[in-house]
Amino acid sequence: NAGVTQTPKFRILKIGQSMTLQCTQDMNHNYMYWYRQDPGMGLKLIYYSVGAGITDKGEVPNGYNVSRSTTEDFPLRLELAAPSQTSVYFCASRRDRGGSPLHFGNGTRLTVT
Amino acid sequence: ELKVEQNPLFLSMQEGKNYTIYCNYSTTSDRLYWYRQDPGKSLESLFVLLSNGAVKQEGRLMASLDTKARLSTLHITAAVHDLSATYFCAVEETSGSRLTFGEGTQLTVNP
Chain A
465 NAGVTQTPKF
475 RILKIGQSMT
485 LQCTQDMNHN
495 YMYWYRQDPG
505 MGLKLIYYSV
515 GAGITDKGEV
525 PNGYNVSRST
535 TEDFPLRLEL
545 AAPSQTSVYF
555 CASRRDRGGS
565 PLHFGNGTRL
575 TVT
Chain B
13 ELKVEQNPLF
23 LSMQEGKNYT
33 IYCNYSTTSD
43 RLYWYRQDPG
53 KSLESLFVLL
63 SNGAVKQEGR
73 LMASLDTKAR
83 LSTLHITAAV
93 HDLSATYFCA
103 VEETSGSRLT
113 FGEGTQLTVN
123 P
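So the protein sequences, as listed, match chains A and B.
When we follow the working numbering, the leftmost residue of the first sequence carries the number 465, and every step to the right adds one.
When we follow the working numbering, the leftmost residue of the second sequence carries the number 13, and every step to the right adds one.
These are computed hints drawn from the structure, not numbers from a lab.
The structure presented is a predicted model; accordingly, all values stated were derived computationally and were not measured.
In silico contact screen, one side only, chain A against chain B (beta carbon under 7 Å); selected entries: (1) G506; (2) V514; (3) G571.
Derived pair list, reagent style DSS-like, types lysine-lysine, alpha-carbon separation capped at 27 Å: (4) A:K478 <-> B:K53; (5) A:K473 <-> B:K53; (6) A:K521 <-> B:K15; (7) A:K478 <-> A:K521.
All C-beta atoms in this analysis are idealised placements derived from N, C-alpha and C, irrespective of residue type, glycine included.
Construct the complete structure from the given sequences, taking the supplied hints into account.
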């Protein structure tokens, strides 16, 4: 089982560029999440999805967009990258709410210069 | 808005000693999770606590939940160097699907 797979592992963007962070899971989990982790800090929720076709904002959604067209995939789109978006991005999934732990991908380290 | 606070944020301890990490949260919840993160790595699930008084143990780590006090503890017994990592608690909203994380406790166990 691959679990949660994120690509790319590392990326450097120039200010104003756009990119998509890919996330796919092979566990047939309905719930998927995007978090960002700034150095020495906890995780902040960007967006989440409770099933295909359903997405909702987290604590820090500005500057990001998501879509969930299939159960497996939950890409995160950055439009007009800014230095404040320099961070490590983690995708996670879980079977359902109310007691299922999150399974995390290995993260994407993004630098915007 | 759910707030989750951990303390201490940094903990340096000697091998063989005991210590407790605290996780306080601001709204009613009976679903709390503990994760471990090694430097430069992803997060790994340690414990899931789902009711008042729940206690889970794995090796030298024991987690508990007091929903009335809105408090969870992670107790470390006879620390060893391999426990050096950052530990996060996360609280799930009772009525939603979001998990809110604390800032993490960076634990260093010295020989």
